[in-house]
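Using the sequences and the hints, build the whole thing.
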Amino acid sequence: MSSGGVEVTGLRVRFGPVEAVAGVDLRVEPGQALALLGRNGAGKSTTMRVLAGVVPPSAGTARVAGYDVRAAPLEAKRMVGYCPDVGGLVPRATPWEHLQLSARLRRLTGWEERGRLLLEQLDLGGVAHRVTAGFSHGMSRRLSVVLAALHEPAVLLLDEPFDGVDPIGVEATFGVIEDARARGAAVLVSTHLRDLAVQVCAEVAVLRGGTRTATVPAGFMSGDEGARAYRALLA
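Heads up: the sequence shown at position 83 corresponds to 83 in full-length UniProt numbering, and the numbers run straight through without jumps.
Hints in this document: simulated from the structure, not taken from any laboratory.
Do not take every clue at face value.
What the hints assert, rightly or not - Below 25 Å or equal to it, Euclidean Cα-Cα: the simulated SDA-like pairs (lysine to any residue) are:
#1 K77 <-> E7
#2 K77 <-> D179
#3 K77 <-> T61
#4 K77 <-> A59
As the structure is a prediction and not an experimental result, all values here were calculated from the model.
The structure is reproduced here in structure tokens:
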């Protein structure tokens, strides 16, 4: 792939004797949103961490925006906005200080207005100068989405962005995903919430035991029929 998108081929990740990812293939085109669905331990978060440059692949290839995460790690990381499934925030820092740090690390200029708009969009404008130590889990999730989206990355990786988030926050996160798609970013959303995944993503990839069992149109996973199809893929 010469530019844009996400391409994963034969990805394997081992932690000692445990193979967390056992040969995953994925492709997300620019302007597309793909959901990773599966139970805990299916390999969703590990796959996301490889693409974000947090965990090295044991075998296979992973490319983001045309860069191999192993051969060109710094270039790949610059292309990615990553919302991890847990952690990533400094308890004694405010949301605005988090944005300042992110902007400094990425050498962004003129980011302040976008930062304010994202905080307002994710209903965090009123707590922009409050330390995150007292934030609820849902508030922390929303701030992680803001930080991932701040620099308008070519690849947006959101790992469990809806976990503990109320319906208003979910809609706001949908808006961030749609905005990213509209400007041509490839979006990968990892979640165990099937009903939300099919609302915001065009395709769904189901992982089980570290392998991909299927990639299907989101409509295939909708409603009661979709729930039955999902359960069958996890069986």
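Unsatisfied constraints (hint numbers, rising): No hint contradicted; all consistent.
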